[in-house]
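Now for the letters of each chain:
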Amino acid sequence: MESTIQTAPETEAGIMLPVLEREKLILQGRSYHWITARVCGVLENRQPLIWWLLFIPCALIATIGVGGGLFHLVSTGVGIWGNTNRVMWGWPIVNFVFWIGIGHAGTLISAILFLTRQNWRTSINRAAEAMTIFAVICAGIFPAFHIGRVWFAWFLAPVPNANGIWQNFKSPLLWDVFAVSTYFTISLIFWFLGMVPDLATIRDRCKPGLRKMLYGIFALGWRGGNRQWSHYEMAYLLLAALATPLVLSVHSVVSFDFATSVVPGWHTTIFPPYFVAGAIFGGFAMVLTIMVPARFIYGLQDLITMKHIDNMAKIILLTGTIVGYAYLMELFVAFYSGGIYEMAAFRFRIAGPFGWAYMVMMFCNVISPQLFWFRACRENLWVVMGVAMCVNVGMWFERFVIIVCTLTRGWLPGDWKTYSPSPEDLLLFMGTIGLFLGLFMLFLRFLPCINIAEVKWTLPESDPHHDDPRNHPDPGVTAEPAYQLETALAESGYQKFKTQLSQKPQSVSPKP
Amino acid sequence: MSTTRKRVYGYLAEFRSASALYQAAEKLRDAGFRKWDCYSPYPIHGLDGAMGMKRSILPWFVFFGGMTGTATAFTLAYVTQVVIYPTVVQAKPANIFTTPAFFPIMFELTVLFAGITALFGLLALIQLPRLNHPLFASHQFHRVTDDGFFIAIEARDPQFSPIQTRDLLAEIGGNHIELVEED
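Note that the protein sequences, when read in sequence, are chains A and B.
My numbering puts the first residue of the first sequence at 3, with every later residue one more than the last.
My numbering puts the first residue of the second sequence at 169, with every later residue one more than the last.
Think of the hints as simulated: they come from the structure by calculation, not from any bench.
The C-beta atom is built at its ideal place from N, Cα and C for all residues, glycine as well.
There's no promise every hint is true.
As the list claims (entries may be wrong) - Derived list of chain B stretches under chain A, where covered just means 3 residues or more per stretch with a C-beta under 8 angstroms from a C-beta of chain A:
id, stretch
1, 181 to 188
2, 207 to 214
3, 270 to 282
4, 321 to 327
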């Protein structure tokens with residue numbers, strides 16, 4: 003891309019330092035109205051054929067897998083699952099940790115990148131937050147039914163049971179209940195609150211009728227006055243500040259389920275950071291998996307640009323490398339500890355009957371993201387999609403390795419069992435994939451998939467001082483001579499001067 | 169045609185751009201208006217100062233909401249684990265020294281209560297939800313959520329005058345000035 007010399011707007015007085023031009027977040031100088039029309043068009047126009055071709059199978063898989071699978075499970079009993087022996091956590095908890103991890107990228111994009119002022123997040127945060135909500139819904143199914151008698155799920159809530167026994171607040175499993183339910187609630191509030199101005203946009207574009215009324219109810223009567231925006235922005239900032247430690251805590255607490263036990267291979271202090279990095283890693287891969295196709299189907303290339311994909315690929319590279327470091331450090335600590343059980347646990351993981359799963363995990367999570375060191379790979383969407391799919395698979399196998407490999411070898415040889423999932427396990431997992439994708443398709447159909455208000459905010463003309471010549475000298479041609487002149491004046495010993503620009507700055511007018 | 173007189177809500181004027189809105193807001197602030205607002209499709213940074221508005225008090229609500237959460241979680245955990253039903257598991261004590269085991273839940277409930285307070289505190293401060301508003305009767309106000317920048321001065325402002333306010337809005341760059349009436 004071309005890089006013209008610009009001057010930093012802050013240096014109004016004194017010497018203006020040349021800075022490199024920032025890469026545009028929205029391409030082709032699109033106007034406010036274009037953004038509104040394009041994003042609202044996704045849900046106002048007829049859905050393309052591909053939407054139906056994807057939605058109908060997803061809905062069927064979800065109905066059969068989740069609806070039918072759970073009906074069969076509850077009416078028969080959890081004995082139909084594969085976890086009837088010592089591997090009692092089995093697939094359900096593998097799937098729970100997998101789905102809850104997927105959600106973390108959404109909160110990372112919406113909260114942490116907001117606090118660090120990464121404006122590129124605005125194009126992808128809505129979809130990523132939606133993904134969080136749907137992933138947590140899928141995750142919640144597994145522990146709720148894994149308890150065996152689902153009608154006793156209320157035992158998890160902090161109320162005493164019929165014998166007056168209270169929950170054990172010192173148990174990581176109860177911490178998990180609080181962490182996941184808080185995470186779901188806060189993510190939902192964050193998602194909904196962020197959507198209110200955009201729902202108002204859709205409301206204002208609708209013809210009067212039921213549709214306008216429904217969008218109007220959820221838009222809460224939003225008017226976009228600055229006396230509203232001021233409080234709204236504060237609320238958004240506070241929620242971001244609350245969600246940031248929350249997202250780090252959720253997967254830490256999930257990892258406590260493992261780390262606070264005295265099981266070799268689980269009882270390590272590296273687990274919380276390792277799980278959090280893995281969750282962000284897997285979540286970003288899922289964002290790419292669903293956003294790259296959606297971007298093409300709905301023609302959102304000017305809003306979700308190659309820069310966004312490039313940034314996400316870099317985050318996958320970073321977190322993938324952290325995860326790789328954690329895998330190797332785990333092995334090193336097992337070796338360095340000298341503990342025979344610890345060493346045996348890791349030897350079993352690599353060289354035992356599930357060694358292939360370990361190799362799949364290593365290849366998908368550590369080796370495949372290394373392609374993103376190369377710009378050509380980050381710019382080729384086939385490679386990006388391929389690596390994202392690899393990571394999705396690899397992160398599932400990571401949880402499989404951690405849970406199944408460890409539980410098949412207990413302390414006593416009498417506990418040593420093998421494990422294989424039952425068809426019902428498979429059915430329910432496929433069902434949650436269908437549920438997740440189906441909910442996402444409905445989201446694309448009914449809700450604004452890009453944060454319209456925040457994307458508008460990132461346009462250059464949204465700055466109220468944008469056309470003030472004192473603050474923004476003309477980029478390029480006139481700024482460079484001005485800079486040279488000022489440097490020369492400063493070198494000659496002048497201290498107080500101001501350069502008048504010879505040319506009137508050209509304002510960047512948006513294309514219609 | 170109806171002969172009943174409608175109540176006037178105020179004047180609504182459209183502005184060309186975010187910077188035009190910003191400069192107009194500074195002038196209205198200096199003219200001493202109180203009951204008025206700037207409407208835009210996205211939050212304009214620095215407009216709070218240009219309108220002479222104070223910082224939002226929402227953080228105080230959220231702080232006390234969060235503290236309530238911390239206290240709730242500690243009370244719930246301590247009373248049930250130490251007072252009502254002491255359980256000795258994993259060699260963890262059933263007295264005040266078991267408090268560190270309650271920290272995760274204290275943290276989660278702090279965030280939960282603070283987040284819920286942020287939502288409802290915000291709705292209270294911006295006086296939403298409401299079903300209708302006089303401005304929605306305007307034929308141009310629907311553009312505010314698309315690409316329109318507006319200023320509305322309410323008739324209940326002590327400085328409001330049907331002629332002078334209209335002229336002032338035109339003078340500071342307002343277009344399509346419209347008298348908005350309540351239904």
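Against the structure, the hints:
Residue count for the stretch 181 to 188 of chain B with a Cβ under 8 angstroms from a Cβ of chain A: 3. That meets the three needed, and the coverage hint holds. Here's how the stretch 207 to 214 of chain B fares: 8 of its residues keep a CB closer than 8 angstroms to some CB of chain A, so the rule of at least three is met and the hint holds. Judged by the Cβ-Cβ criterion of 8 angstroms, the stretch 270 to 282 of chain B is covered by chain A as claimed, because 9 of its residues qualify and three suffice. Only residues whose C-beta sits within less than 8 angstroms of a C-beta in chain A count toward coverage, and the stretch 321 to 327 of chain B has 0 of them, not enough to reach three; the restraint is violated.
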